[in-house]
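Trainee: In the order they appear, the protein sequences are chains Z and F. When we follow the working numbering, the leftmost residue of the first sequence carries the number 14, and every step to the right adds one. When we follow the working numbering, the leftmost residue of the second sequence carries the number 384, and every step to the right adds one.
One thing to keep in mind: the hints can contain errors.
What the hints assert, rightly or not - In silico lysine-lysine, DSBU-like type, Cα no more than 30 Å apart, as pairs:
hint, chain 1, residue 1, chain 2, residue 2
1, Z, Lys234, Z, Lys160
2, Z, Lys84, F, Lys511
3, Z, Lys84, F, Lys385
4, Z, Lys60, F, Lys511
Calculated from the structure, these hints are not laboratory results.
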Amino acid sequence: MTHNFTVSPDFNPGHISGWYIFNTWLQRTINEELHLELYNSASEQRKAIADDRVDLIYANPYDATALVRDKGFFPVARADNKTDEAIIAVNHESPILNVEQLTDGTRISSTDDPDVRMMCMIMLEPAGLNKSNTSTTQRDAYILIAKDLLKNDADVGFFLEETYNELSDMTKKQLRPIVHSQIHVIHHLLLVGPKLAHKKDDIQSSLLSMADDSKGVGVLKNLNFERWVAVEQEEAEFMIDLMDTLAE
Amino acid sequence: MKDMMPDNISGEYQEHLFSYHDGTQRKALFTNIETQLPEGRLIVSRTNTDGIIIDVNQPFIEMSAYHKDELIGQPHYILRHPDMPAAAFSDLWKMVQQRNKWHGYVKNLRKDGGFYWVYATVIANIRKGDITGFTSVRRRASRAKINEAEILYQTL
C-alpha cells in the first residue's frame, strides 16, 4: 500500500528536488512505499487533508494544529535551529519606516499561508490595522508579493522569513523589512497520520540518525536542514496551544 | 512573595499594598516610566493550574526585568500593576476555567517599578480532557486601545 507524503506549500521552490530526494531516502529506509504530492497552495493541500489523502506531512504550525487535534496525527520531528518567523516588508523607497506609520486602507500582498498571515496581521495591530480596514491581494508565491511591492501595487508584503532571506539579492535590494517576528517557539512539524502510525517509531529513529549517515547528510543538505530533532506530544501540544492563543 | 525593594527601582516611586486572593500581601513600588514592547516580539508564559509560572520565554524576561530564576515558581501576579482593576483578573480566571479564551489589555509592573502595556490572550491547556495549566501570549497593543483601556479601568 502506498502512503501519501506532502510538504506545506510555503517551502522554498528551490528545495523541490530536495523533498523528492528525501522521499526516496525515507521510503528505502523505512521500507514503505511513499508518494510525494506537492500542492500549489495551502487551500489545495487542506482539501487533500480533509479528504484523508495525506499520511505523512511536513506541516506548517497552523495546519499542525488541526492535524494533531482533529485528525489524530502524531508529531515526530522538526528541523533543528529553524523556527517560523515572519517579515513585513515595503518597497525600499516607501516612506514607511515602522508599523505604526501605516494607516487605514493599507494594501497588503500575501500568500494564503495561514501561519504567516496570522503572524503578520498580529504585527499590524499596533497600527490599529485589521481585516476590516486593510485590503489584501492573495498571491500563489512569495516572489509575486515582492513584485507587487516593486510595482507599488501593495504597501506591505507578508513573507515567511526564511523565504524572504532566500529572495535574490537584486530583489532584496529593492525591498526593506519594517518588522520581523521574534516568536522563537513556532516550528514546522513532521507529522505521521493514523494510517502510517505503525511506522512512527521507525520514521523518528531514521530521521534522528540521518545526520550521522553520509547519504543522510547529503539529503539534509538538499533541504537546507542541519538535522532533525524529536518532537514529543507535549511539545507539539504547547505549540498548538500557542497557535490557539494567536488565532482569532 | 517578597515586597519590591527600593534598591531595584529606577526613578521616583509610589507605594501600593496588594492583598491577594490567596491571603498573602505584597508591597509594590511603581513609577511612571513606560517601556514599550518592541514590534514583532511575543511574550509567552505558562503556568500551572494555580497560576504559578512554570515557563517563560526571553521577551518575558526582558520586559519584566526579572531574571528567569526569580520568575519560575512565582505566582503570575508578580507582574500585577496597581492600576489594573481586580475585576479584569476575576473575569480572566472565570473565562479560562470555563475553557474559553480570554483577551484583554493589561498594564504590567516591572521589577524596576516601570510598566508596559500589552494585549494579552490566555487559554487553558487541555490534556486528555483535563485542564493542566494555562498559556498566556502577550503582544504589542495599539496606543488607541491602551488609551481606551486606561479610561475603562479607572471606572472599574
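Trainee: Does each hint hold? Answer for all of them.
Mentor: Structure-based check of each hint:
Using a Cα cut-off of 30 Å, the hinted pair lysine 234(Z) and lysine 160(Z) holds, with the two alpha carbons roughly 29 Å apart. Our distance criterion of 30 Å between C-alpha atoms is met by lysine 84(Z) and lysine 511(F), whose separation comes to about 15 Å. Of the pairs offered as hints, the one joining lysine 84(Z) and lysine 385(F) is violated, with about 47 Å between alpha carbons and a cut-off of 30 Å exceeded. Between lysine 60(Z) and lysine 511(F) the CA atoms are separated by roughly 28 Å; this keeps the pair inside 30 Å, and the hint holds.
In this structure, only the earlier hint numbered 3 is contradicted, and the remaining ones agree with it.
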